[in-house]
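Each chain, written out:
There are 2 protein chains.
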Amino acid sequence: MKPAIPKGTRDFAPYEMVKRNFIINTITNTYRHYGYRQIETPAMENLSTLEGKYGEEGDKLLFRILNSGLKPEDLKKSDSINAITEKGLRYDLTVPFARYVVMHQNEITFPFKRYQVQPVWRADRPQKGRYREFIQCDADVIGSNSLLNEVEMVMMIKDVFQKLGLGVTIKINNRKVLAGICEAIGVPDKMMNITIAIDKLDKTGWHKVKEELLSKGISPSAILKLEPILQFQSDSISALSFLKNQLSASETGLKGIHEIQSVFDSLSAVNFHFQTIQFDHTLARGLNYYTGAIFEVKVNHPGSNFSGSLLGGGRYDDLTGIFGLPHVSGVGISFGIDRIYDVMDELKLFESINLQASSTQVLFVNFGEEEVKYILPVLQQLRAASINAELYPDAVKLKKQISYADSNKIPFVVIAGTNEITNNQLTIKLMDQGKQETISSGKLIERLKTENIVKQK
Amino acid sequence: MKPAIPKGTRDFAPYEMVKRNFIINTITNTYRHYGYRQIETPAMENLSTLEGKYGEEGDKLLFRILNSGLKPEDLKKSDSINAITEKGLRYDLTVPFARYVVMHQNEITFPFKRYQVQPVWRADRPQKGRYREFIQCDADVIGSNSLLNEVEMVMMIKDVFQKLGLGVTIKINNRKVLAGICEAIGVPDKMMNITIAIDKLDKTGWHKVKEELLSKGISPSAILKLEPILQFQSDSISALSFLKNQLSASETGLKGIHEIQSVFDSLSAVNFHFQTIQFDHTLARGLNYYTGAIFEVKVNHPGSNFSGSLLGGGRYDDLTGIFGLPHVSGVGISFGIDRIYDVMDELKLFESINLQASSTQVLFVNFGEEEVKYILPVLQQLRAASINAELYPDAVKLKKQISYADSNKIPFVVIAGTNEITNNQLTIKLMDQGKQETISSGKLIERLKTENIVKQK
Chain A
1 MKPAIPKGTR DFAPYEMVKR NFIINTITNT YRHYGYRQIE TPAMENLSTL EGKYGEEGDK
61 LLFRILNSGL KPEDLKKSDS INAITEKGLR YDLTVPFARY VVMHQNEITF PFKRYQVQPV
121 WRADRPQKGR YREFIQCDAD VIGSNSLLNE VEMVMMIKDV FQKLGLGVTI KINNRKVLAG
181 ICEAIGVPDK MMNITIAIDK LDKTGWHKVK EELLSKGISP SAILKLEPIL QFQSDSISAL
241 SFLKNQLSAS ETGLKGIHEI QSVFDSLSAV NFHFQTIQFD HTLARGLNYY TGAIFEVKVN
301 HPGSNFSGSL LGGGRYDDLT GIFGLPHVSG VGISFGIDRI YDVMDELKLF ESINLQASST
361 QVLFVNFGEE EVKYILPVLQ QLRAASINAE LYPDAVKLKK QISYADSNKI PFVVIAGTNE
421 ITNNQLTIKL MDQGKQETIS SGKLIERLKT ENIVKQK
Chain B
1 MKPAIPKGTR DFAPYEMVKR NFIINTITNT YRHYGYRQIE TPAMENLSTL EGKYGEEGDK
61 LLFRILNSGL KPEDLKKSDS INAITEKGLR YDLTVPFARY VVMHQNEITF PFKRYQVQPV
121 WRADRPQKGR YREFIQCDAD VIGSNSLLNE VEMVMMIKDV FQKLGLGVTI KINNRKVLAG
181 ICEAIGVPDK MMNITIAIDK LDKTGWHKVK EELLSKGISP SAILKLEPIL QFQSDSISAL
241 SFLKNQLSAS ETGLKGIHEI QSVFDSLSAV NFHFQTIQFD HTLARGLNYY TGAIFEVKVN
301 HPGSNFSGSL LGGGRYDDLT GIFGLPHVSG VGISFGIDRI YDVMDELKLF ESINLQASST
361 QVLFVNFGEE EVKYILPVLQ QLRAASINAE LYPDAVKLKK QISYADSNKI PFVVIAGTNE
421 ITNNQLTIKL MDQGKQETIS SGKLIERLKT ENIVKQK
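Chains as they are written, first to last, in this note's numbering: chain A, 1 to 457; chain B, 1 to 457.
Note that these hints are calculated values from the structure, not bench results.
Remember, it's a predicted structure, so these values are computed and weren't measured experimentally.
Careful: at least some of the hints might be erroneous.
The list cannot tell twin chains apart, which means a pair is met if one copy fits it or any two copies do.
[Claimed, not checked] Straight-line Cα separation of at most 27 Å, DSS-like style, residue types lysine-lysine; simulated pairs: (1) Lys-203 with Lys-409; (2) Lys-60 with Lys-7; (3) Lys-158 with Lys-373; (4) Lys-373 with Lys-244; (5) Lys-163 with Lys-449; (6) Lys-158 with Lys-190; (7) Lys-7 with Lys-225; (8) Lys-71 with Lys-60; (9) Lys-158 with Lys-449; (10) Lys-435 with Lys-400.
Bound-form chain A, shown alone:
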């Protein structure tokens, strides 16, 4: 048999893991710096927890687990899919988090700042950049209405992309501004339709959005009023004052403007670079549970024309209500690891980052039993000094061992033959420079550290 993996799923090779871990660790370190605490939930949830939370389309995309111990004849007797499946794989981290908060509400001290990094599964049609299994990397605060949470979310986003070395624009809007716009154009009850349509403005342009709005029964006169509002493009400060004007009759709209203004004010207090953040009143985000701030991140880096979004998030007023704990407000963000990886890879950003510390740094050549006995204690010293080092396990030809170092991108090869042993020395080969030098065996760590420091800066 020829082995294969299910479509839409992936294996990750060591060189990919090192880069993925770099992204994930950068995000989780930042989450921890801001006081977020990690939780994990099971991959399998009861279908009663998952169903009905992602719309009709989402329900179809749930992977269902067959109940254990079923026999073929049980299938004939089953009248529904639910009769043979009670569990499913989680579809995102937000619903399991809401379930977690409700189940553990008596152990949790609110506000609860949690982060979670786990895979999710969706039976989507696989396509470029879209997978059936992928990692989500979420942070949420639940149980606090303070806008400082939004402020800190923006600061975390900035910190992460700064550490990744990737230029981005953080877009921020507020669902209350969108509600205000709907009021201002005279269709306060059509907010959901308008949000979903506006969400596509980026990809399809105004013409298509207009068509969709018409098809959803929005009157031509409302659309006529909407157009100049959506077409208005400017820096954040001007946009805020333009919208303040437009929405002067909408209490909700003004509240939204005020919330954004307040986030900007707090960011000033920490000298936040306002090139990084942009108030964009056309930002809509399709998902329907957001009620306040919404966030999105776009690449803004020389050489990239990637237009997708690297992060999404926002505030929701009542996520846990469906599980029996109403009126708990929360705000959260979710980084798109796969997209960040692809963009960074395309821009060759990983090349300027020292990922060596998480790969093997030194290979010791194996010439046979005697040489190995000389090497083993040195090897242990390196490991005790947290230097990743290995000994080629078999005493094969030198050429093969060097080629192993080469394929695995191991930068230093240490050779100890009869000469070296007699003089208590080691020969060290610097793979990328193609040169080698012989040093006293006690000086190895010192010598490697010099090299590493050179590489790290």
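With chain A's structure known, arrange chain B on it following the hints.
The following block gives chain B in isolation, referenced to the frame of chain A:
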């Protein structure tokens, strides 16, 4: 609805995650120090990859994923479970690894040293310490026959438990020794039955093992010869020479003894503590693919009488053959995270480890807008210095904020009211000592570092 999670699965709270991560990071750091490289494989594998690899019992324990898009009427038409399920959740990391090696054989430079830390799923009957979803933490070398791999496995095991602060005994045996014993007692063809029976010696005692052997058709005369061999207990050196004697007529048996001897010799070269390792010729390990060395780890720590095994492993001569790549020898180990966690928790070993660096270290009290503006820049300095710090998001009563710090075990609370702001100071409250002091605001990081250093040593 009252939310719940599927039986045999678990949520992990922040305080549990910190401890679990400490164990997992200790293991993976050690793996990397020894030159192992991480891979990941999908949670879902094709059932054709999984089925038939874990025996009949194992096949029953596979979680199967229902094919997408099935309708109730499709069930009636289905004659087998396989007709409606093509994928399953991985049952261990070894079979997916074998599949990975075969699929990627042209990209891999052998010997391939890989580690992998991912959850696995088994539809086992849930019971204390046995879960339906749990994390495995494996390292394997594939494509090398050298016994140095076994040596390094033992060294890694020692390093890990030393860093965890948990006293253990590493037991080592060799399947060839077991084969030699079967030859010596005259039943060379009964190796599998004898291995499976001996595996229970620990738990059930010799009497029950004898019963099982009789029931499997082992002759009383063979059992009579087996008894003194199994009953022989001694230090490793004496046991090796006793067995060498007993197995003098068995070429395979002597080869096994020689292999163990060679591992012990190499360990001497690095001054390995021989209290930690024990040659135990009654160690059998039920799983049937091992062909050389076998490993197991038992707790050997004052105050614990836990008798289960914390790690298992061994050498297998042909794991990838079933996927079309024969004659590739490998050796691997797998740490039991959940058991290690339970033992360490019971022994209160986590208390002497500084886990604070991965939790929040400082809470800033929130007295309102003005105070927050004073605090935000200080907060950012702490985070830039990799100190995990948070600001209580709402300006609620001080008592509530202090109690938040208390519940979340945040050791330092920083307070800045009108007085502090006027004098450019901060008041720092040391939660565990119940005392507080006022310092210049520029001295905070310095002050915290002193405290941390005191705690770390």
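At most 27 Å between CA atoms: does that hold for Lys-158 and Lys-449 within a copy, between copies, both, or neither? Between copies only: 26 Å across, 32 Å inside.
Checking Lys-373 and Lys-244: alpha-carbon separation at most 27 Å within a copy, between copies, both or neither? between (77 Å within a copy, 25 Å between copies)
Could you figure out if Lys-158 and Lys-190 sit no more than 27 Å apart (CA to CA) within one copy, between two copies, both or neither? neither (34 Å within a copy, 65 Å between copies)
Intra/inter-copy verdict for Lys-158 and Lys-373 if alpha-carbon distance must be at most 27 Å: between (51 Å within a copy, 19 Å between copies)
Please work out whether the CA atoms of Lys-203 and Lys-409 approach to 27 Å or closer within one copy, between two copies, in both situations, or in neither? Neither. Shortest intra-copy (41 Å) and inter-copy (47 Å) distances fail the 27 Å Cα cut-off.
Should Lys-7 paired with Lys-225 be assigned to within, between, both, or neither, using CA atoms and 27 Å as the limit? neither (46 Å within a copy, 55 Å between copies)
Under a CA distance limit of 27 Å, which applies to Lys-435 and Lys-400: within one copy, between copies, both, or neither? within (18 Å within a copy, 64 Å between copies)
Cα distance capped at 27 Å. Does Lys-71 pair with Lys-60 within a copy, between copies, both, or neither? both (24 Å within a copy, 11 Å between copies)
At most 27 Å between C-alpha atoms: does Lys-60 with Lys-7 qualify within a copy, between copies, both, or neither? both (17 Å within a copy, 24 Å between copies)
27 Å Cα threshold - placement of Lys-449 relative to Lys-163: both (23 Å within a copy, 23 Å between copies)
Consistency note: the structure conflicts with the earlier hints numbered 1, 6, 7.
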